[in-house]
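Undergrad: Letter by letter, the chains look like this.
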Amino acid sequence: MAKETVQLDRVIIRFAGDSGDGMQLTGDQFTSETARFGNDLSTLPDFPAEIRAPAGTLPGVSAFQLHFADHDIMTPGDAPNVLVAMNPAALKANIGDVPRGADIIVNTDEFTSRAMTKVGYEQSPLEDDSLESYNVHPIALTSLTVEALKEFDLTKKEAERSKNMFSLGLLCWLYDRNIEGTETFLKEKFAKKPEILGANLAALHAGWNYGETTEDFSVRYEVKPAKLTHGKYRNISGNLALALGLVAASQRAGIPLYLGSYPITPASDLLHELSRHKEFGVRSFQAEDEIAAIGAAIGASYGGSLGVTTTSGPGVALKSEAIGLGVAIEIPLIVIDVQRGGPSTGLPTKTEQADLLQAMFGRNGEAPVAIIAPQSPADCFDAALEATRIATTYRTPVFLLSDGYLANGSEPWNIPDVDSLPDLTVEFTTEPNWTNEDGSKEFMPFARDPETLARPWAIPGTPGLEHRIGGIEKADITGHISYNPENHDKMVRLRQAKIDGIADSIPNLKVDDPSGEAKVLVLGWGSTYGPIGAACRRIRREGGQIAQAHLRHLNPFPKNLGEVLASYDKVIVPEMNLGQLALLLRGKFLVDIESYTQVSGMPFKAAQLEEAIKEVIANV
Amino acid sequence: MSDIVDSQIAEGAAPDAPKLTMKDFKSDQEVRWCPGCGDYAILSTVQSFLPSLGIPRENICFVSGIGCSSRFPYYLTTYGMHSIHGRAPTIATGLSTSRNDLSVWVVTGDGDALSIGGNHLIHAIRRNVNLKILLFNNRIYGLTKGQYSPTSELGKITKSTPMGSLDYPFNPLSLALGAEATFVARTIDTDRKHMTSVLEAAAKHEGTAIVEIYQNCNIFNDNAFDLLKNPETKGDEVIDLKQGEPIVFGTEGEHCVVRDEFGGLEVAKTAEVNQAEIVVHDAHLPTTAHAFSLTRLSDPETLHHTPIGVLRSVERPSYNRLMNDQMERASEKPADLQALLAGTDTWDV
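Chains as they are written, first to last, in the numbering used here: chain S, 1 to 620; chain R, 1 to 349.
Hints were generated in silico from the structure; no laboratory data involved.
From the three backbone atoms N, C-alpha and C, an ideal C-beta is built for every residue, glycine too.
All clues stand as given, with none of them false.
Just some of the chain R residues that point at chain S, by a computed CB distance under 10 Å:
hint	residue
1	Pro56
2	Arg71
3	Ile84
4	Thr97
5	Ser98
6	Arg99
7	His120
8	Met327
9	Ala330
10	Ser331
11	Glu332
12	Ala342
In silico lysine-lysine, DSS-like type, Cα no more than 25 Å apart, as pairs:
hint	chain 1	residue 1	chain 2	residue 2
13	R	Lys333	S	Lys278
14	S	Lys441	R	Lys26
15	S	Lys189	R	Lys333
16	R	Lys333	S	Lys192
17	S	Lys588	S	Lys559
18	S	Lys559	S	Lys570
19	R	Lys19	S	Lys441
Looking from chain R toward chain S, a few residues come up when the C-beta cut is under 10 Å (computed):
hint	residue
20	Asn59
21	Ser64
22	Tyr79
23	His82
The task is simple: from the sequences and hints, build the whole structure.
TA: Encoded structure:
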């Protein structure tokens with residue numbers, strides 16, 4: 001019997017299970033199929049810090065949310081239309097986010113009294129009335145999978161492991177996705193384990209066929225491809241985009257990339273990815289600690305490489321002194337902070353934006369650095385190029401503030417043509433740069449470019465330019481050790497002026513104010529771009545007026561920022577911290593900022609921001 | 001870019017390069033150590049030794065941490081970086097592994113290398129990065145004006161330990177050997193000839209060479225090595241190791257080194273043992289046991305019976321070489337940036 005197909009413009013699916021259930025893999029594969037199908041999409045993986053958290057418990061629940069649509073979307077979505085709950089814990093942990101009327105697919109095999117008691121269900125939610133207002137599909141996912149795999153020479157436990165493929169197959173049927181990509185993926189992954197490969201393929205097909213034959217699902221859904229800009233697309237996560245951006249930046253700069261890194265969640269994927277691209281001259285060094293990682297990057301940069309270190313907040317804390325050295329010796333250096341919940345160990349797998357002030361001020365002395373932030377997973381690519389441009393042009397450490405949400409979230413990316421990327425060619429100093437009064441030529445390591453105030457980058461191996469640098473205060477121009485009070489005052493101001501001067505090279509802040517009549521500006525930075533943008537769309541759809549602007553450059557700010565802030569009656573700044581950008585803005589521009597904050601380890605929801613912004617608008 | 005990536009392990013200068021002299025390595029900066037500091041003697045020896053490397057000045061780089069000794073780079077005319085406390089090995093590792101055409105030296109002290117930078121030291125050593133580490137050991141914190149260091153003797157009275165230090169000292173060379181060092185040597189600041197020979201051996205070594213230099217701090221720990229320097233005592237106290245020779249010392253050769261009953265080494269009277277029992281020094285033994293036992297001969301407090309010279313020198317591929325091998329193997333793959341950006345799973349809109 002052919003089933004009815006219902007057209008939808010967008011769908012939000014959340015897969016949830018134990019951290020060992022393979023929910024992230026399931027989500028990734030569904031995402032890949034969706035990307036290939038041509039929908040616009042946005043994802044939000046949410047998993048515990050433990051590799052295998054205690055089975056069946058609330059803290060052990062791992063989830064993956066995917067939002068896909070036939071139009072351009074900005075966030076992974078607030079509330080799922082479909083929840084796949086692989087056990088009682090997954091149901092309990094996620095039901096609060098699921099709106100009434102949504103579909104819930106539950107794996108009934110896992111709803112044993114023991115498993116339910118473990119998470120505090122006194123009676124089965126599948127049998128009482130608590131899920132009455134939802135469209136519940138109780139399916140024995142585990143036993144159906146085991147049954148489908150009885151031909152294979154597997155233990156029950158091994159067979160049960162393929163239940164995520166069964167559910168993936170079912171969801172692919174339900175939303176009219178292909179499964180060929182997943183088949184290819186499995187064939188590569190299990191090339192050397194034909195039995196496991198066969199079982200996973202069989203489970204995948206069984207799930208698809210189950211959808212086709214069961215009467216539980218009377219309709220299928222279809223979400224047409226989105227009308228995106230022409231081009232070649234791939235799906236990309238923030239960490240991957242950042243890694244590729246760094247490789248591209250080094251190629252465009254014409255200097256090899258040297259990565260010094262120490263494993264830390266959620267930044268380790270950068271180390272993994274960059275370690276795979278040695279053919280591009282990328283040297284990756286896994287150091288003994290965070291300090292050694294940045295030390296090696298500084299040493300390599302001194303030697304003429306593009307020195308990069310990748311970490312998260314606690315790692316930045318350890319690197320602070322070395323970043324100060326980078327400021328003092330004025331060499332290019334890229335510090336990537338994939339922010340996570342803090343302080344201390346905090347929430348390693350959750351997102352936060354609370355390292356802005358650490359990046360800005362977290363060093364001894366007056367130690368200004370440039371700071372930029374990407375606004376979406378794919379934008380991490382462009383941010384890497386921009387960080388490289390600033391670091392190499394201004395001979396300075398640059399902070400790139402990504403976060404856990406950008407790092408692991410993904411979206412379609414219109415792959416750029418390599419030749420269209422900015423030319424970042426670096427030229428080392430190879431000749432003396434100073435003429436003495438008697439006409440003789442000399443090399444002065446701290447004689448500056450009059451325009452950028454950058455000092456020369458003369459690398460070891462260059463004859464005649466041998467010089468010594470260090471963390472001790474240096475005399476202007478000559479770079480000799482200097483304890484002279486006037487000189488120190490001058491050097492502190494010069495270093496600050498150099499960073500301030502970067503503003504001359506960055507575009508003015510653009511404000512999106514379609515009607516030109518908005519009285520309220522919502523200003524964000526980093527990964528809040530998606531939810532802020534989605535909230536603004538909702539407000540405008542209802543006829544509201546709101547202006548939106550988003551900062552790529554956090555230090556220095558774009559030159560017109562003060563003017564922009566002053567031209568609105570009210571400025572609201574949503575941040576996943578306690579108001580760090582707001583503090584900087586108030587301090588620099590003496591403006592009254594409405595700070596709206598959340599530090600839950602999760603990104604803002606569009607609906608929540610919509611409400612907060614509306615409230616500000618109402619009170620203007 | 002290819003100049004940096006493709007260059008191989010540092011070789012000598014081009015045959016037509018002008019011959020450098022000690023003068024060519026003296027910078028115009030005023031040397032600011034305390035008068036009488038052992039660092040002067042080391043600086044002078046290094047300046048006179050560097051020309052013999054036959055490496056152009058621009059291809060030599062000295063990296064230091066923080067402390068009196070770490071001012072060293074400013075007094076040379078090579079490239080140099082005076083970095084941050086304890087971290088010189090990390091910076092030098094990045095420089096060395098990205099630039100195999102350079103001869104990279106680390107200058108550090110007992111506080112810098114063994115206290116705040118202990119972690120970096122052991123990891124640089126175990127990796128066998130192409131670095132020559134000169135560890136100036138004066139058994140005291142000099143720049144901070146006289147606190148005990150990780151090599152100070154137990155019970156040492158200093159400003160921070162008025163009732164005596166409670167810390168048991170490190171033997172830096174035992175530590176280095178425990179960290180899988182491939183080259184370990186010791187010398188003394190005032191013995192220019194001996195230091196030069198040790199530096200030459202270190203420079204030739206592929207991988208990390210660690211050279212401990214006993215250095216007198218005449219302000220805060222004067223005469224710390226008097227036993228090993230005083231003409232009246234040094235003959236009986238210093239064990240001057242010579243490759244391939246029986247380990248005999250003393251003004252008349254009256255002391256020697258033999259195996260002890262636990263498999264280690266001990267000092268004996270030459271007259272009381274058979275010639276065959278005297279241990280022959282071999283720095284090239286694959287096992288670290290010999291070199292380690294040598295480091296344990298000296299008294300941790302007084303330095304009574306201290307071996308100097310090259311204790312261990314064995315071949316193991318440097319981190320640089322292994323990294324280069326991987327880079328070379330990887331370079332067989334085409335470096336197609338456009339293909340990298342596209343990945344394997346794309347669609348057209």
